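**Student:** Chain by chain, the residues:
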Amino acid sequence: MIDAPFPRTLSGPAGSRPRTRIAPKRLMIYAALLIVSVYYLLPLWVMVMTSLKGMPEIRMGNIFAPPVEITFEPWVKAWSSACTGLNCDGLSRGFWNSVMIVVPSVVISIAVASVNGYALVNWKFRGSEVFFTILLFGAFIPYQVMIYPLVIILRELGLMGSVWGLVLVHTIFGMPIITLLFRNYFASLPEELFKAARVDGAGFWGIFLRVLVPMSLPIFTVAVILQITGIWNDFLFGVIYTKPDTYPMTVQLNNIVNSVQGVKEYNVNMAATLLTGLVPLSIYLISGKLFVRGIAAGAVKG
Amino acid sequence: MLDQTHTPAAALAGLSVSIRDLTLSFGSVTVLKDLNLDIGNGEFLVLLGASGCGKSTLLNCIAGLIEPTGGQIFISGQNVTWAEPSARGIGMVFQSYALYPQMTVEGNLSFGLRNAGVARDEIARRVARAAEILQLQPLLKRKPAALSGGQRQRVAIGRALVRDVDVFLFDEPLSNLDAKLRAELRVEIKRLHQNLKNTMIYVTHDQIEAMTLADRIAIMKGGIVQQLAAPLEIYNRPANLYVAGFIGSPPMNFLKGRLENRLFKGAITVPMADYDFTTAPTDGEVVFGIRPEHVALGAAAETSPIRTEITVEVIEPMGADTLIWTAIGTDPFRIRIDGQTRIAPGDRLTIGFDPACASLFDAKTENRL
Numbered sequence: 001m002i003d004a005p006f007p008r009t010l011s012g013p014a015g016s017r018p019r020t021r022i023a024p025k026r027l028m029i030y031a032a033l034l035i036v037s038v039y040y041l042l043p044l045w046v047m048v049m050t051s052l053k054g055m056p057e058i059r060m061g062n063i064f065a066p067p068v069e070i071t072f073e074p075w076v077k078a079w080s081s082a083c084t085g086l087n088c089d090g091l092s093r094g095f096w097n098s099v100m101i102v103v104p105s106v107v108i109s110i111a112v113a114s115v116n117g118y119a120l121v122n123w124k125f126r127g128s129e130v131f132f133t134i135l136l137f138g139a140f141i142p143y144q145v146m147i148y149p150l151v152i153i154l155r156e157l158g159l160m161g162s163v164w165g166l167v168l169v170h171t172i173f174g175m176p177i178i179t180l181l182f183r184n185y186f187a188s189l190p191e192e193l194f195k196a197a198r199v200d201g202a203g204f205w206g207i208f209l210r211v212l213v214p215m216s217l218p219i220f221t222v223a224v225i226l227q228i229t230g231i232w233n234d235f236l237f238g239v240i241y242t243k244p245d246t247y248p249m250t251v252q253l254n255n256i257v258n259s260v261q262g263v264k265e266y267n268v269n270m271a272a273t274l275l276t277g278l279v280p281l282s283i284y285l286i287s288g289k290l291f292v293r294g295i296a297a298g299a300v301k302g
Numbered sequence: 001m002l003d004q005t006h007t008p009a010a011a012l013a014g015l016s017v018s019i020r021d022l023t024l025s026f027g028s029v030t031v032l033k034d035l036n037l038d039i040g041n042g043e044f045l046v047l048l049g050a051s052g053c054g055k056s057t058l059l060n061c062i063a064g065l066i067e068p069t070g071g072q073i074f075i076s077g078q079n080v081t082w083a084e085p086s087a088r089g090i091g092m093v094f095q096s097y098a099l100y101p102q103m104t105v106e107g108n109l110s111f112g113l114r115n116a117g118v119a120r121d122e123i124a125r126r127v128a129r130a131a132e133i134l135q136l137q138p139l140l141k142r143k144p145a146a147l148s149g150g151q152r153q154r155v156a157i158g159r160a161l162v163r164d165v166d167v168f169l170f171d172e173p174l175s176n177l178d179a180k181l182r183a184e185l186r187v188e189i190k191r192l193h194q195n196l197k198n199t200m201i202y203v204t205h206d207q208i209e210a211m212t213l214a215d216r217i218a219i220m221k222g223g224i225v226q227q228l229a230a231p232l233e234i235y236n237r238p239a240n241l242y243v244a245g246f247i248g249s250p251p252m253n254f255l256k257g258r259l260e261n262r263l264f265k266g267a268i269t270v271p272m273a274d275y276d277f278t279t280a281p282t283d284g285e286v287v288f289g290i291r292p293e294h295v296a297l298g299a300a301a302e303t304s305p306i307r308t309e310i311t312v313e314v315i316e317p318m319g320a321d322t323l324i325w326t327a328i329g330t331d332p333f334r335i336r337i338d339g340q341t342r343i344a345p346g347d348r349l350t351i352g353f354d355p356a357c358a359s360l361f362d363a364k365t366e367n368r369l
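Residue numbers (full-length UniProt numbering), protein chains in the order written: chain S, 1 to 302; chain X, 1 to 369.
I should point out that these hints are in silico values taken from the structure, not numbers from a laboratory.
In this text, all values refer to a predicted model and were calculated from it rather than measured experimentally.
Note that the Cβ used here is the ideal one computed from N, Cα and C, for glycine as well.
The reader is advised that the hints may include incorrect statements.
Said to hold, decoys possible - So, partial list: chain S residues that the calculated Cβ filter (under 7 angstroms) puts toward chain X:
1. E192
2. K195
3. V199
4. D200
5. G201
6. A202
7. L209
8. V211
9. P214
10. M215
11. P218
Claimed, not checked - Restraint ranges, calculated between C-beta atoms of paired labels, are given here:
12. X/E316 - S/S16: 38 to 44 angstroms
13. X/A83 - S/L157: 43 to 49 angstroms
14. X/A128 - S/L157: 35 to 41 angstroms
15. X/G117 - S/L157: 37 to 43 angstroms
Stated by the list, open to error - EDC-like mimics (lysine to aspartate or glutamate), calculated; alpha carbons at most 20 angstroms apart, straight line:
16. S/K124 - X/E67
17. S/K243 - S/E156
18. S/K124 - X/E84
19. X/K221 - X/E84
20. X/K141 - X/E122
21. X/K143 - S/E192
22. X/K197 - X/E132
Same shape as in the complex, but just chain S (with noise of 0.2 angstroms):
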């Protein structure tokens, strides 16, 4: 040790750097962001605006412009009054057709794809590669080739132009992607945990309903919003698998933006238009921190 006087701390840098508050870097990170968004969100603005006008108001041009008065008429003819073909009964009969196809088919294809999904991991079979290749291979054969065969086999079974029909055609697209979805958070699990619900005398049900699904949370809501956000959007299949009073939301939508009888009503479009948009959005909003769990999790967890 040194007796001598010595200064505890010596000239330089000491503890944590300074950092300015707007750096130049940041600052052209914030404007990039900024442009970005503007880009994004002016058709949205531009949409929400021209709903909230009259038809007057719009012919004045302006479309950036505020409404000088607003008005929810074109909404609630969008909901209740627009005519579509004979129907003037507005999107509520597209939604409600929409809700109909939309929720047995998440129902449907998320509860046979987990269980796929798991028994694929942790039950493998003679041939169970060779089975979850086959189904990979279906999700990356185009539509297209699929449509015709599937009108015969609808209409053999007698569910063509139904709803049930529609429920039918989504849960089987939907099954190759969300069962590897499954597969693969399943995959991640700690196998001894398996090992663990055997030797406590579970079974096949037993050990998927007990004790991986409680832990399974994350993974299922990105299923269903995927599920929900992937045919809620569907347009083709609706359009082909269905009929007029079927038909589901986005096929009506269509049906009353291209409509050309009469003057186009921009405010009810615009309405319209937002109206079936917002289903998705909501859920992207409620689930919004599950689901960046959800997608993370597969990739994070040991």
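Starting from the known structure of chain S, fit chain X onto it as the hints suggest.
**Tutor:** The following block gives chain X in isolation, referenced to the frame of chain S:
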């Protein structure tokens, strides 16, 4: 083999677990080959080996989690080769604890009993008993995430305990814990075995755990049991070079040489007249083994039957004792001495040892002579 078939009851008297000709192969890879193992009632058997030696696989076969390709497994006199894990009368403790994360400690403990349809008051009674033995009472309402590593492993042990099974299987239960907790839980498991007197089969790669816990140790390599014996027997009379090198820390010193007329000739010459040969020795290439702790220094060395002089190369003081690295001929040589001895690298020392403590192995077959 038909004429050798006995009734299980007679052949298995006094045995808790009996493994007969067990073979396991995945395609062309054979993991276990014709493995035979008899474990007595209340015995604590440790399966010890480096990773990949098949010890965990063997345990999984006993538990029924892996289906063997051939052979039989008997537990408590019953042929359980085809039985479900839950029907074998075993409880298993895993390295990663494998607690059900969404259930409380109580739920974890009672899960197996609920699956077996045990009456509610009986479940409560058994959970309370296990909780008392393992001091889990204050934790019963907690989820596993709110427990420390040691507490989690105690819950995992409790989960095996409540099932009132004959055989406990431990799959490296302490490997995920830090050194201090490991030592504590090791004693706890030993105490548990002394109180319960169940049969326990314990897989580990840690020789300290094996030596301290086991009634008998089965050292495995390449799916084959190399030696099955009491810990001290394995320490004193290792059956082959692998076992000799595996047990003991630091490992045994090996000197290459020839055996000629009960005389070891290598870098040093050692008369092996006092050595306890397993069979009458024949001359040939051999490996002479002596444990670092059986080498003496100073006054003790002067009285030893064999003496030689070495130069200290490196020293590793560890407090309680000090390890000296040196060489005899071209073979590296380690000596373990009292920690208080003052030695510096470069010192010339006289060392001595007793050939009766040594081990001699055939250089070709690597088996003990």
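**Student:** I'd like to know which numbered hints this structure contradicts. Please list them from smallest to largest.
**Tutor:** Hints 7, 11, 14 and 19 are the ones this structure does not satisfy, whereas the remaining hints hold.
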